[in-house]
Amino acid sequence: MRIKVLSSISLLILSFSFYGCSDSKSVYVAGAQYNSTTSNDVATVWKNSKSVALTSSSGTTWSEAYAVAVSGSDVYVAGTQYNATTGYDVATYWKNGTPVALTLSSGTTWSDVYWIVISGSDVYVSGTQYNATTGYDVATYWKNGTPVTLTDGTSYDAEALAIAISGSDVYVTGYEYSTATNSSTAIKTNSQRRAAHTNGKPKPAASGSYSEAICWKNGTAVALTDGTYDAFAYAIAISGSDVYIAGEEYSGTDGTDVAIYWKNGTAVTLSAGTNEAWAIGIAVR
Numbered sequence: 012m013r014i015k016v017l018s019s020i021s022l023l024i025l026s027f028s029f030y031g032c033s034d035s036k037s038v039y040v041a042g043a044q045y046n047s048t049t050s051n052d053v054a055t056v057w058k059n060s061k062s063v064a065l066t067s068s069s070g071t072t073w074s075e076a077y078a079v080a081v082s083g084s085d086v087y088v089a090g091t092q093y094n095a096t097t098g099y100d101v102a103t104y105w106k107n108g109t110p111v112a113l114t115l116s117s118g119t120t121w122s123d124v125y126w127i128v129i130s131g132s133d134v135y136v137s138g139t140q141y142n143a144t145t146g147y148d149v150a151t152y153w154k155n156g157t158p159v160t161l162t163d164g165t166s167y168d169a170e171a172l173a174i175a176i177s178g179s180d181v182y183v184t185g186y187e188y189s190t191a192t193n194s195s196t197a198i199k200t201n202s203q204r205r206a207a208h209t210n211g212k213p214k215p216a217a218s219g220s221y222s223e224a225i226c227w228k229n230g231t232a233v234a235l236t237d238g239t240y241d242a243f244a245y246a247i248a249i250s251g252s253d254v255y256i257a258g259e260e261y262s263g264t265d266g267t268d269v270a271i272y273w274k275n276g277t278a279v280t281l282s283a284g285t286n287e288a289w290a291i292g293i294a295v296r
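Position one of the sequence shown corresponds to residue 12 (this note's numbering), numbered consecutively onward.
Source of the hints: derived by calculation from the structure; they are not laboratory data.
Don't take every hint at face value.
[As the list claims (entries may be wrong)] Computed cross-link-like contacts, DSS-like style, restricted to lysine-lysine with a CA-CA straight-line distance of at most 27 Å: (1) LYS154 to LYS274; (2) LYS106 to LYS36; (3) LYS36 to LYS61.
[Said to hold, decoys possible] Derived CB-CB ranges, DEER-like: (4) ASN275 to ALA112: 30 to 38 Å; (5) SER69 to TYR39: 17 to 25 Å; (6) GLY266 to ASN59: 43 to 51 Å; (7) VAL38 to LYS274: 26 to 34 Å; (8) SER166 to ASP85: 33 to 41 Å; (9) SER250 to THR96: 43 to 51 Å.
Fair warning: this is a prediction, and the values are worked out from it, not measured in the lab.
Beta carbons are placed, not taken as given, at the ideal position from N, Cα and C, and that holds for glycine.
Model the full assembly from the supplied sequences, consistent with the hints where possible.
Written out as structure tokens, the structure is:
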């Protein structure tokens, strides 16, 4: 869902002055830099164009950062890094440069994150974890490192792509497949998953399998589409009592993806269907 940033890499020393400096006009960007020597991406956060590598800048281990949030003087970055011991990419967030590996409910396996938000002293991260027993991805969000599973992982693949907090309510958007047939061609390897993540699309469905765009409110799923065609909910924004969600749905008539946003579950079409389009971000003011 994120755009990967590629550049040559240089040795950088992490310093708390980078994180602790208070500047109301500071711009933070999360991404990655490519190390051409090791052929690995290195998770990176930029503050006002100054970069800091979140994992070894020597590029000995693959990592990428996908989202960033700032609370007071603290900088939180969500991403994924490779664990050489287990052989899996592991969902992680960094607080002021210190990594926090997110706990998995299904044991040692692959996991990924897409978004991070801070509410008071609580850290929420949305993503997915793979259930190696069933062979399905489980839509998950983590609160302060503890996983909350949104799907059971016994029947269909699902992912949690974005998260927002409003008062005591937790909203998560993403998708869930409506049949189990997609498992036969689901992307399960680290390299395939990384490519799908970077290219800005979830893994493709198999023939005859369609995904529903979903919004979970406090763990209860509300389908935004009926599963007739593929649909994905990529981003969410809350304004008062209104919930806005950006995404896409495939048009069976035009044979293209159509950019859509939903306001309180009602779809507003943004593109005509004559060309491919999708909406991956949304803000309300």
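Now for the hints, and whether the structure bears them out:
For the given pair, LYS154 sits about 26 Å from LYS274 by alpha-carbon distance, which is consistent with the 27 Å threshold. With a C-alpha separation of about 20 Å, the suggested pairing of LYS106 with LYS36 holds against the 27 Å cut-off. For the given pair, LYS36 sits about 14 Å from LYS61 by alpha-carbon distance, which is consistent with the 27 Å threshold. Our hint of 30 to 38 Å for ASN275 and ALA112 holds, since their Cβ atoms are close to 36 Å apart.
Here the CB-CB span from SER69 to TYR39 is close to 24 Å, well matched to the stated 17 to 25 Å. Between GLY266 and ASN59, the C-beta spacing of about 44 Å keeps the proposed range 43 to 51 Å intact. Between VAL38 and LYS274 the CB atoms are about 29 Å apart, so this pair conforms to the stated range of 26 to 34 Å. In this structure the hint that SER166 and ASP85 lie 33 to 41 Å apart at CB holds, the actual value being about 39 Å.
For the pair SER250 and THR96, the beta carbons lie near 44 Å from each other, so the given range of 43 to 51 Å is met.
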